[in-house]
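Chains as they are written, first to last, in the working numbering: chain A, 1216 to 1427; chain B, 2 to 321; chain C, 0 to 492; chain D, 4 to 619.
I should point out that these hints are in silico values taken from the structure, not numbers from a laboratory. The model shown is predicted, which means the values in this text are computed figures rather than measured ones. Ideal Cβ positions, reconstructed from N, Cα and C, are used throughout, including at glycine. Hints are not guaranteed to be accurate.
Said to hold, decoys possible - Output of the computed footprint for chain A on chain B, the stretches with three or more beta carbons under 8 Å from beta carbons of chain A:
hint	stretch
1	30–42
2	157–167
3	212–223
As the list claims (entries may be wrong) - Listed below are the simulated BS3-like cross-link pairs for lysine-lysine, each with C-alpha atoms no more than 27 Å apart in a straight line:
hint	chain 1	residue 1	chain 2	residue 2
4	D	Lys99	C	Lys353
5	A	Lys1391	D	Lys533
6	D	Lys543	C	Lys363
7	D	Lys543	A	Lys1410
8	B	Lys101	B	Lys300
9	D	Lys533	D	Lys543
10	C	Lys363	C	Lys353
Residue strings, one per chain:
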Amino acid sequence: MSEIKSIGIPTPEEIKQAQIDFAPRCTSAGRVNDKETQGMVEHILNFARKHSLFVVAYGTGCGAIEIPATMTSRYDAERFGIRGAATPRQADVMLITGYLSTKTLKRVIRVYEQMQDPKYVIAFGSCAINGGMYFDSYNTINALDRYLPVDVYISGCMPRPESVIKGFVKLQELIKNGNAGNGEAYRSDLDWYRKNQQKVIKNWDFPDNYNW
Amino acid sequence: MEGIFIKILGAFLTAILAFVVGMLYGGLRRKVIARAQNRVGPPIHQNFLDLMKLQAKRTNIAHGFMGHMAPVWIIIAAMTVLMFIPILHGNLWFENLTMKGDLIFLLYMMVFGSLGMALGAGQSGNPNSAMGVSRGLAQLVGFEIPFFLALIALMIQFNTTSIAVLMDHQEATGRWIIVDNPFAFIAALLASLGMFRYAPFDIVGAPAELASGPRSEFGGKYLGTMMTGGAVFAFIKLVMYVDLFLGGAGNNNLEGLAGTALGLVELLVKTFLLYMIPVFIGLVTPRFRTEQAIQFFWKWPTFFGILAIVWALYKNGTIG
Amino acid sequence: MVITPVHYIIAPLIAAFAIPLLTKIHKDAARVVPGIVLFYNVIVSFVLMKHIREHGMISEVLAGWQAPWGINLVVTPFTGYLASMVSILGFIIWLYGFRFKRTLKGGEIKFYEILQMMMIAGSIGIIITGDIFNLFVFIEIVGISAFSLTAFYRSRDGAEAGFKYLLIGGFASAFLLLGIIIIYTQTGSLNMAQIAERMPDVPQQMKIIALIFFLVALGIEAEMFPLNGWAPDAYSQAPTPTSATFAAVVSVAGVYALIRVVYTMFDVEGVNNYLMIMGFVSMLIAEIAAISQKNLKRMLAYSSMGQIGLVLIAFGIGSKLAVFGALFLMLNHGVIKSLLFMTGSYFIYNTEDKKIKSLNGIYKKLPFVSFLFGLGALALIGFPPFSGFWSKFYILMSAADEKYIFLIIGILLVTVIELTYYLRVVGRIFFAKEEGEPASHKPSVNAIIAMSSLALFIIVIGVYPDLIMPHIQSAAEALLDKSNYIQQILSLN
Amino acid sequence: MEIIAIILLILLVGSFLTYFVDSFNKKWTGTTAFLIVLITAGIFFTKIKSGYQFNFQLAGLDLQWGLTDYSYYFVYIILGLSVLALLYSIKYMEGKARLGYFYGSFILTVLGMLGVVISQDFVSLFFFWEIMTWASFLLVIYNAYYKIKTKGIKYMIFSAVGAYAMFTAIVFIHVHYDTLLISEAIAKGAFNFEQYIYIPIFLLLGFGIKAAVMPFHVWAPPAYAKSPMSFTTIFSGAMSKMGVFGIGLVFTSFYLSSNPENFFWVRTILGWMGGITAVMGTIYALIQTDAKKLLAYSSVAQLGYIIVGLSTGTQLGVMAALYLAVIHAVFKGALFMVAGAVEKQAGTTDMTQISGLIRKMPYTFVVALVSIIALAGVPPLGGFVGKWLLYEALITESNNYILVVVVFFSSTAAFMYSYRFLFGLFLGQEEKETEHVKEAPATMIIPMIILAIIATVAGAYPGLIFEPAAKAMQAIGFQDVTWQMSSLTNVWGDTTDLFLIAMLIFAVFIISFVFLTLKGLKKTRYVGTKDISTSGELPKEWENLTFQLDFFKPFERAAAPLYKMDMNKIWKDLGKNLEAFFGFFRKIYTGNGQTYALYIVIFLVVLLLFRDVLFS
């Protein structure tokens, strides 16, 4: 038992505690935009949102290499209105393309917070879902949605461009139904997210107020 | 009273036309580029969707008053210049304030937007923005020189500084200025490459290098408004070139709506063809550094500009 | 008429002998008596000027011998003007030096006072005498006083400067005497008027050789290049009131002698050009030398030489307007340069060396003196609304009347040089970072009165030159009217 | 006593009075100076109308003082700007040393300038010119401290050379035309290049140096930048216009009296000098890191435009020059005041040291913005009108096509430094060093705002300035000067309707501003300048995010050949060589008595040898 612990596998108690602590909390509190409630105007706007996705590709891991392939001639994501954005201010979608070290997480959070509502997160690969092959690494986070609200996960290691496009299409679907865009949720559950973030980020120096 | 009503209505009509055409041309450009790269590309109306999405952003940030004002400046510049550009020759609806301002005014007014945008970008405090502005202003000095030379050539050849009078002249003689003074057209055309800021002169807002430069801190409604302004400006530049060199549009004998419609079609064809020049050049060229861009503008375009003046003086009878 | 021109000379001479005796009675007598004498000279000047304005020129015969045989003193508007100027400036310099001299050792003060007084009296004598040998005598009186005063501080430098002055002064005396001898052999007269009358009969060669001797000898006194090597050392080593006297009194007398000889006695062509060219060269070289000086008094000395050069240029031009300008400039130069030496001496007194470098920020210590120095500097350069402007203005006007284009440009360029070094000093005084302690020597009341009166003169004449211009005008006329001079003197007997 | 003499006397006495008030109570010095000039201005504008004349005799010369419409035009600039500058000065100079000295010299400078424009004879002109010069010199060296040797003296030497050149010309006018009255000289054609060419050339040299024309502009930037800002307002705004005043007088009278075709070269040379001045001033302005220096170089450039305008000699060109003279005084005065306010509040104007003052000094920023727009010549503010007139004059009337491109290049490059000024001081990162900065006091803001309002109104109603300018032009000999209140027309009949433009811009502004503000009003937030997208990195306090150094490096590289011609260095080398030369000559005085004795003997011998040559 002690040997196992020494390589970092949590004890059942710890897992239990962690399940309580890190349970994803994507509440629907911020969802002003449900399919049932959305009006005509919102419907049209969602149509525009869905067809115009400006992407800030945070090339964290090996998935970064898939993005060029997705964007260029062969797979041509632009036909879905997907297009790169230079800065988070202009972007709608953030792509987390692979494992996230804790050091990078800090930057990712910063970028996410600088994006404007409604904003979406797509996480690539198993590393972003559950840590993947880095599940027991000392400096890599395991589940992204403990730190940021994720809209779409794309499985695979790594997902091929087809899967990526599929992921985007899924996101478009969610947008159309008003189920995507967890900025409001992030704001309302900020305390919880902050607690988790602060747990892994040692040198925490963010400003106190969250200013979108 | 009725005249004022028509004027106001015409102004709105002009604005809508410019907006729609500008946006569509932007979409077309994306489509053309995609096709050239063997892609399907976005739909032509993609820019409208983008704009709508940007305006539909729920939250917006600005870095201060000048940041808030920056898109306003662009809209002011775009709309003001638009009102002074003749869209269709002799058409009541699109006449606006055509006779009330001349080329020098237009030249300066067109800078107004860039300057306002530069101020807004400056306030964001992002060093990338400041760098972009620095490059943009430097490049401005580059391409304004040949453009101004071309304009002077036109002014002295036809003894007017008014764009409307130049159009009248072309209609009266039935000869386009591109024939009368081809060098001026070449100089102005080369200058227009810089004016559109497509490759190879797109270092100002290079996304990978400067994080889109001056616009890097603008999002949501601000970016959307800027896009609108940019689209209108694209239209303005094209119409201006068509007016100056390609005889303008609307020189038909048809009365009423038909004439207007024909004129518009003519305008669209001419502007589209003109627009494709910078687009295609942009497709196949890499990026100039700022000083290379400036030096480029100060070499061949300026040479053609001076040639244009000499030509104008020759045609005018002042020399030769 | 109770007061006659001879009072100018008699009073100082008597006083000079009386002072050693009077010091026995009261030790302050040595300081007070010269003042009384010089003030008396001022009164004499005013009375005489009033008289000649009403009755024409005065020619006083000494010892009953009529001119041309005896010695005569002549007060024309010209000489009267210069004599008044010299006596007034002499008095102001005395006033300035009244307390300053207290710091000297008691034993020397009477010598200083006597020599100073004799120098001024001798200068007046040079100006008013009508006899050429008498002129020589007065030049010797001035010279000997000046040599001793130069070496007054018994330091190594002072002795060296005094010796240089003596050496060159010896040349001057010798050549002057030679010139007088030649003239006497040829004309048989020592009276200037008579010499001038007989001059046309003198053989040309003799005339020219005599003239050259006169020019060299008097050029030394008038600080003309290249004969003015003595001047910078003498100016800088002498006590400051003496330096002021050199600039304001002695050089004026020297120039007078030169001009009297050239204008009245000789009738040689080309001498005007000579004066003009040498004046310009003097001015140029002096100003060029001044710009790189590190010693304040030397700088002022070179500047004096430059100004005298300008005076000579104006005399060289020779038109009425030019002479008018020259006379005006002599007055201005006397006043302004005295002011500069006076203020400069307070700087030196406080900084305890003569370096320009140590004047940094002295404005804080001596605000009023600095203000006056600045005023003087601006006036000397010729800025309006100060008196220096008008003299330069008229000289340039006269040059233009004669179409000397390059001369004008040259003078103006030299003025730029002059301006450069003066304003450097002014800037230093007012704006450089100050160093050291507060002023240890504030100016005394008498010095302030003396300096302020000079400054007041500069401003008042600058704003309203009409106050003084008629006098100078008549002086210029009197100088140029040679025949009248001869006639008057020879017929007065 | 004549009213004009009383006015000058008030100023003269006021100068001394201010000096003594300072030693009595430092607090009231500034106010006293302000009141004195205010009273003077009041008396002047109420009692003296154009056409006034006063003849008298001084120093044997017939002197004449008076006011034509032309000089009155400049009186507006001088007195108006002086009053505002002194009001501004009260707080600006507070707490500084030697206030009496400053204000005394200031009033003397005003006296000098006023004297220059009221002089109708050359002697008083030169008289007052010199007063103006040395009084301003005293102010230039006020801040220069140990730099006195180079900076202040440079100004003085150039000024003196200019003044003496002018004086030479005056002397020759007296000789050749036997007059000292300006009007008579004009009537006799004294400024004509046909007869005595050196007279107009010397006059132009004299006035041109004061107007900082290339290649004599090198004194101007350091002098403008080093003086206290409240004085630079006058220095650059009004005093440089004295040069313009003179050139205008000389040149137009020359044009109108002679056939301009014969003297095309004169016009060309002067125009090109102005054009090169404009280019040089601009390109050096945009590499400055000190805001004051930037403005100083910019002043040089703007004066270049004015010279170009005058050099055309045509109606529109001279109108452009006169208009620019006023509008430059207005906006550059305001800008120097802005720089002064920043200097006062933030301690420096070095743009590498401070940035992001916009929230701390909002009023100052608004003034700076308005003035900069006017400077850049962008419609709808006053500066555009000047630019328009200038270009149209060059294109339509003067046929100087390459020159117009040069001017245009300069004015386009001016966008760069205009932006640089605003960005450097007010925009950009808000650094911790400037946290303490507060808005300037009201008495400093009010004059700035007045000037900004003038610049704005002039954009829609330039006729307000055209009216006196047209009168002034008629006074120097132009016939039938036409102008409209709010529109511009060139000889080809093309118009630009400024009022319409201003209204249109205003309308669009209101619509789009309201739309942009109201839309998503609640969800729009203002954030600090540290909250920027820096690739996700959180900027630390010590991290430098301010881009200020080498701001226009790409342009510098592209325009490298232009920067090679450094006039400053040429003059400096000249000065050094001259000093070395002088040092050589100084050695004539060896300090050795024997040498001096030798000189005397040699001199005697030489005279004796060449006696026949010298004397006869």
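Hint-by-hint comparison with the structure:
no. : hint                 : verdict
1   : 30–42                : holds (count 7)
2   : 157–167              : violated (count 0)
3   : 212–223              : holds (count 8)
4   : D/Lys99 / C/Lys353   : violated (31 Å)
5   : A/Lys1391 / D/Lys533 : violated (35 Å)
6   : D/Lys543 / C/Lys363  : violated (47 Å)
7   : D/Lys543 / A/Lys1410 : holds (22 Å)
8   : B/Lys101 / B/Lys300  : violated (34 Å)
9   : D/Lys533 / D/Lys543  : holds (9 Å)
10  : C/Lys363 / C/Lys353  : holds (18 Å)
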